[in-house]
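**Q** Here are the chains, one letter per residue:
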Amino acid sequence: MAEVAVEAVTVRVRVNGRDVVETVAARLGLADFLRERLGLTGTHLGCEHGVCGACSVLMDGVSVRACLVFAAQAHGREVWTVEGLHDTGRIADLQDAFARNHGLQCGYCTPGFLVAAAEYLDEGGAPDEDAIREALSGNICRCTGYQGIIAAVAETARARRG
Amino acid sequence: MMNLRLARPGALIDIDRMDGLARVFEDVDSLIIGALVRHRRLERDPLVARRTPLLREVARHIGHVGIRNRGTLGGTLAHADPAAELPLAMVTLNATVHAESLDRGRRTIPAADFFTSLYTTALAEDELVTWVRVPTMPPRAGWGFAEFARRPGDFAMAGAAAVIHLDESGAVVHVRAALMSIADRPLLVADGPLPHPIPALSSHPPAGERGVASPHAASPLPGEKVTPPHRGGEGEGVSPDPASPLPGGGGPGAPAHPASPLPGGEGGGIPAHPLSPFPGGGVASPRLGGEGAGAPAHPASPLPGGEGDGASPHTVPSLSAEQGASRPPGEGVASPLPGGEGDGAPAHSLSPLPGEGAASTLPGGEGDGAPAHSPSPLPGEGAASMLPEGEGGRASPYPASPLPGGEVASPRPGGEGDGGSPHTVPSLSAEQGASRLPGEGVASPLPGGGGSGAPVHPASSLPGDEGDGASPHPLSPLPGEGAASTLPGGEGLGVSPDPASHLSGEGVASTLPEGVSSHPASPLRGGGVALPRLGGEGGGASAHSLSPRTGDGEQGVSAQPRSPRSGDGGQGVSPQARRSLPAEQGGRARPLAVGVDADGAGVAWDEVAAVWTDGIAVEDGYTRHLARVALGRALRDAYLRAVSGRGMGG
Chain G
1 MAEVAVEAVT VRVRVNGRDV VETVAARLGL ADFLRERLGL TGTHLGCEHG VCGACSVLMD
61 GVSVRACLVF AAQAHGREVW TVEGLHDTGR IADLQDAFAR NHGLQCGYCT PGFLVAAAEY
121 LDEGGAPDED AIREALSGNI CRCTGYQGII AAVAETARAR RG
Chain P
163 MMNLRLARPG ALIDIDRMDG LARVFEDVDS LIIGALVRHR RLERDPLVAR RTPLLREVAR
223 HIGHVGIRNR GTLGGTLAHA DPAAELPLAM VTLNATVHAE SLDRGRRTIP AADFFTSLYT
283 TALAEDELVT WVRVPTMPPR AGWGFAEFAR RPGDFAMAGA AAVIHLDESG AVVHVRAALM
343 SIADRPLLVA DGPLPHPIPA LSSHPPAGER GVASPHAASP LPGEKVTPPH RGGEGEGVSP
403 DPASPLPGGG GPGAPAHPAS PLPGGEGGGI PAHPLSPFPG GGVASPRLGG EGAGAPAHPA
463 SPLPGGEGDG ASPHTVPSLS AEQGASRPPG EGVASPLPGG EGDGAPAHSL SPLPGEGAAS
523 TLPGGEGDGA PAHSPSPLPG EGAASMLPEG EGGRASPYPA SPLPGGEVAS PRPGGEGDGG
583 SPHTVPSLSA EQGASRLPGE GVASPLPGGG GSGAPVHPAS SLPGDEGDGA SPHPLSPLPG
643 EGAASTLPGG EGLGVSPDPA SHLSGEGVAS TLPEGVSSHP ASPLRGGGVA LPRLGGEGGG
703 ASAHSLSPRT GDGEQGVSAQ PRSPRSGDGG QGVSPQARRS LPAEQGGRAR PLAVGVDADG
763 AGVAWDEVAA VWTDGIAVED GYTRHLARVA LGRALRDAYL RAVSGRGMGG
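Listed in order, the protein sequences are those of chains G and P. Per the numbering used here: the first sequence ends with 162, consecutive numbering throughout. Per the numbering used here: the second sequence ends with 812, consecutive numbering throughout.
Please keep in mind that the hints were generated in silico from the structure rather than gathered at the bench. Any given hint could be a false lead.
[Claimed, not checked] Residues from chain G shown here face chain P by an in silico Cβ test under 7 Å; the list is partial: (1) His49; (2) Val51; (3) Ala135.
[To be verified] Here are the computed distance ranges between Cβ atoms for each label pair: (4) G:Gly89 / P:Pro301: 31 to 37 Å; (5) G:Gln105 / P:Leu209: 40 to 46 Å; (6) P:Ala173 / G:Val20: 24 to 30 Å; (7) G:Glu123 / P:Pro171: 32 to 38 Å; (8) P:Arg269 / G:Asp96: 55 to 61 Å; (9) P:Asp288 / G:Val62: 29 to 35 Å; (10) P:Asp288 / G:Gly124: 41 to 47 Å; (11) G:Ala99 / P:Gly172: 45 to 51 Å.
For each residue, glycine too, the CB sits at the ideal point set by N, CA and C.
Just chain G, with the same shape it has in the complex (with noise of 0.2 Å):
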């Protein structure tokens, strides 16, 4: 194996409406950031390569696993974690929904979810429960069995319905 070099890229950010600039090692991963350099913890890492969807972020309005993106890949880019999302009162219906249905135990996973769903909902997802199992078919849960979890993101589909 090559010598992996350990270099600093200076980072240009936008996360969570806020430009953030910071000088990150080049292989810094997106989570790592988010987590250790800007104290956003609500992204959670679980497996660390791709699998569990915990660590999913909105990286300019799509859903990425932030464990499998670097900090500088981030670069110029916009954006958005659980606790922007909470903030700024974009999931508040479907986080009441989470609570309401039983979408979360150990709430590990949540941030992940809610992320996910975010995206669902924010493509005019529908209440239709194949489509919500096939958008969050990319994260694991252990607690809810996801029951709680398609029912509430199905709920929240058709209030946001109307």
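For chain G, the structure is supplied; the task is to place chain P on it using the hints.
**A** Leaving out everything else, chain P in the frame of chain G:
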């Protein structure tokens, strides 16, 4: 890869901002796709869906949304994972990869030459994948894709993609197919005409083909006609079918029956004949039975066939019952045929494999069959389905064939089924399914054939022919498939179609729906034959089992099921099927096969898949089995789409 430290590149260059490579251009006969186009876009872009529908389909199988939002075409090609979908699709579509270096400029590399080994490509160290030129689907071409993964989004344990080109007469002139997860790179297993002896074809063809012809002849004709019809309207297909069937039946009808008989006659030739004797169809079945089943089967088949005669009996329940019983044996084979399907659907599926096969068929038929099938059921689905329609037609068939037993049976089913809606039968189905199946298997075939009644006959004929061919088995196989396919086809694709078909009432037609057309013909044939095969195969079965696949594919199975089901809920079946394991699916596979080419010759796609997968060195038989099933489904779907004119993704 880097997270797991499996890759620790000394230098990393982010090309994410080269927006110029994130575009898709449309050319006269191809799409030019940039290396930075995301999987998510391939999945949703209307242009991609219209011009290269295979890419849209495979993209949906890549990971999950969050992965597809980031993954790029150039990335997956350069990564060269032998279990990845896009490399498989590019090899199958005969795409050309454009690689560029600062020093040497651009060069183009055929996808089949681009992948050299595990995670290894023909790219030089200073080269970057920039564009990929993907030939688009021309008229009279169809595509198919199927994969087995333990969970949606996981890397596939096995998968296959195929593109089939037809000439103006509807005959298969070129097949290009590849497998994934079975070698150190996407493995191109076909790039030319169908295998000579085409197992299935051979069988049939022989017969079918002219040799057999007679039967076929009959069928063929019918078939052909049918085919046309199909095409024409499949929808109408029905009519066509009917026609066909009829034709078959009728056409043959008169003849047909005779034909069937023929089969019988022919068949007669052989054992089948005995069967045939019966109805011709009977024969067929017999054959099947005979053949397929081989002995047991025979018995069974016979049954079927016999049945056919017996059939009538069958027609009912008896059949079922008996069949069941007897059948079973027969079925065994039969089942296989049937697909065992049917039944067991799931269960079958699996086990069955053979059974399944049958099942599948059944499934189609049965499972659902019930519904539609019911009639079909018999027909095993295929037939059945077909039949159904055919049925109407059948009726005649019956008359004619019907008797024949097999058909009859089927017919019944169908006819009846119809009556019962077949389903009614469901029981039948069920039974049939079971028995039937077997029976069907045979029967079906027959039925199918028969079912088709006329059509069936054709089929039967085939069978018969086949039967003769006996080569039943051969036939069977074929037949089986054929049948299966038919069904499947019908179904599979059909699915939608099917529904229609169903509607059609065409029984056949439906089935055919898409494939339909084909099917119709095929059905017949297919049916006829197919089943046989099945039966025959049945044994092969397992393979067929594959059919189960049908299940698989959603389409596959589902489709089938559905189709059959149509009536029912197609899904019903499908779902199960699907859910069932791949295995099951496998079982269903059966359906796969069938398809009839312009010539009306029946093509047992799963048999063709076997020819192209048997020589591959694989560590375990299960992987080979999955690859074969997947390939059979991909071929069947490609054929049906080509026949239905939906190859372009419409």
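**Q** What are the numbers of the hints the structure violates, in ascending order?
**A** 2 and 4
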